[in-house]
Amino acid sequence: MKESQISTGKHIDGKEIFALTLKNTKGSVVKIYNYGGIISEFTVINAKGEAQDIVLGFDDLDGYLSEEYLAAYPYLGTVVGRFANRIKDGRYEIDGKAYQMDKSLHGGIKGFDRKVWDILPTIDPSITLQYVSPAGEEGFPGNLTVQLTYKLSDDNELILDYRAFTDAPTPVNLTHHTYFNLDPDKGSVAGNIIRIPASNYLKQDADYVPTGELVPVAGTTHDFLAPRAIGANWNQDEGYDQSFVLDKPYGEFGMASETFDARSGLLLGVYTTEPIAHFYTAKHLNVTGGKGGKSYGSAEAFCVETQHAPNSVNIPAFPDTILRPGQEYHQTTVFQVTVRK
Numbered sequence: 037m038k039e040s041q042i043s044t045g046k047h048i049d050g051k052e053i054f055a056l057t058l059k060n061t062k063g064s065v066v067k068i069y070n071y072g073g074i075i076s077e078f079t080v081i082n083a084k085g086e087a088q089d090i091v092l093g094f095d096d097l098d099g100y101l102s103e104e105y106l107a108a109y110p111y112l113g114t115v116v117g118r119f120a121n122r123i124k125d126g127r128y129e130i131d132g133k134a135y136q137m138d139k140s141l142h143g144g145i146k147g148f149d150r151k152v153w154d155i156l157p158t159i160d161p162s163i164t165l166q167y168v169s170p171a172g173e174e175g176f177p178g179n180l181t182v183q184l185t186y187k188l189s190d191d192n193e194l195i196l197d198y199r200a201f202t203d204a205p206t207p208v209n210l211t212h213h214t215y216f217n218l219d220p221d222k223g224s225v226a227g228n229i230i231r232i233p234a235s236n237y238l239k240q241d242a243d244y245v246p247t248g249e250l251v252p253v254a255g256t257t258h259d260f261l262a263p264r265a266i267g268a269n270w271n272q273d274e275g276y277d278q279s280f281v282l283d284k285p286y287g288e289f290g291m292a293s294e295t296f297d298a299r300s301g302l303l304l305g306v307y308t309t310e311p312i313a314h315f316y317t318a319k320h321l322n323v324t325g326g327k328g329g330k331s332y333g334s335a336e337a338f339c340v341e342t343q344h345a346p347n348s349v350n351i352p353a354f355p356d357t358i359l360r361p362g363q364e365y366h367q368t369t370v371f372q373v374t375v376r377k
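Using the numbering used here, read the sequence shown as starting at 37 and increasing by one per residue.
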């Protein structure tokens, strides 16, 4: 249920920033800021009966706004848009007209992750945020209205439901960049056991941009069809920053991954309507002054970013990511936590 909406006392671009909280009957707590749609807390009860926060972030809003953090800026817990991940050189065409983005990663220099979203009224226990992106913002055409609803069920499902509408053709590919760590002490995730139901991953160039080629996971370090440790056979310096093509019909709701930590007994299942799970083990993470003063480094978290393929706007063979007037963009992703004792 929706428990609280408390002002942080901060304003950006004349808009007030609030901390919003969802709780359920299992004792779980989710805290969300309407700045960047940030999930700053997801506390659950682990196998030892202890309350454990499984997402990385800061104790208060100031951490997300500090110059030091923004200089490195790993998108801790934010919404990403208009277009998640990468577009080759920031260039693409729609109906023969060329467009150039201001930056080719995660929606631009100042994407949805740095906007203050409006808080809409809801009937059921949930939080709905809305952002209206004006035409031309970060080089994208068309006015785009985005609504993101967060719900926390009594089955420990954090449900994210996205909808978007436009008045001109524009690329849309939304995701959430939550960093998870299921270890009670927030150590390396290398020992976590993960399964990703994907028989293929996307080949990438030297800039991590998909080329359009699918590569079978069989016989590679990307084979997570059967559960295995994240760090088994990996290049520890590189980790994973890879898009996996999920083995399910396009648009159908199904599993993207499940990850287990033996120390906490927590199992995180990710389910989505999206065709891609981008698996990232935080290679570039370097944050000081996180929760409780803790620093976060490489391989001390993982992200499962559900989305369409990066650079798909430039690859005609991939599912279309151009939203047109009269159409509705809609995707649902669920993060569910269960306990294995």
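Please keep in mind that the hints were generated in silico from the structure rather than gathered at the bench.
It is possible that part of the hints are untrue.
[Unchecked claim] Per label pair, the in silico range of CB-to-CB distance: (1) A265 - Q41: 23 to 29 Å; (2) T158 - A254: 25 to 31 Å; (3) A204 - P263: 41 to 47 Å; (4) A268 - L101: 17 to 23 Å; (5) G290 - T181: 25 to 31 Å; (6) D138 - R299: 31 to 37 Å; (7) P157 - G227: 30 to 36 Å; (8) A107 - G290: 34 to 40 Å; (9) H47 - G255: 51 to 57 Å; (10) R264 - S334: 19 to 25 Å; (11) I81 - S40: 36 to 42 Å; (12) D131 - A107: 45 to 51 Å.
[What the hints assert, rightly or not] Below are the DSS-like pairs computed for lysine-lysine, each with C-alpha atoms no more than 27 Å apart in a straight line: (13) K146 - K46; (14) K284 - K62; (15) K124 - K51.
On a predicted model such as this, the values are computed, not experimentally measured, just so you know.
Don't be surprised by glycine CBs; every beta carbon is placed ideally from N, CA and C.
Here is how each hint holds up against the structure:
1. A265 - Q41: 23 to 29 Å: Violated, since A265 and Q41 (Cβ atoms, about 41 Å apart) do not stay within the stated range.
2. T158 - A254: 25 to 31 Å: violated (45 Å)
3. A204 - P263: 41 to 47 Å: Check passed, 45 Å falls within 41 to 47 Å.
4. A268 - L101: 17 to 23 Å: Once the Cβ atoms are compared, 38 Å apart, the range 17 to 23 Å for L101 and A268 is violated.
5. G290 - T181: 25 to 31 Å: holds (28 Å)
6. D138 - R299: 31 to 37 Å: Cβ of D138 to Cβ of R299: about 43 Å, so the range 31 to 37 Å is violated.
7. P157 - G227: 30 to 36 Å: violated (44 Å)
8. A107 - G290: 34 to 40 Å: Once the Cβ atoms are compared, 38 Å apart, the range 34 to 40 Å for G290 and A107 holds.
9. H47 - G255: 51 to 57 Å: 54 Å Cβ-Cβ, so the 51 to 57 Å window holds.
10. R264 - S334: 19 to 25 Å: 20 Å Cβ-Cβ, so the 19 to 25 Å window holds.
11. I81 - S40: 36 to 42 Å: Distance hint for I81, S40 is violated at roughly 20 Å.
12. D131 - A107: 45 to 51 Å: violated (38 Å)
13. K146 - K46: Distance ~18 Å between K146 and K46 Cα, so the pair holds.
14. K284 - K62: Not OK: K284 and K62 at ~31 Å, beyond 27 Å, violated.
15. K124 - K51: This hinted pair is violated, its Cα atoms lying about 33 Å apart.
When each numbered hint is compared with the structure, violations occur for hints 1, 2, 4, 6, 7, 11, 12, 14, 15.
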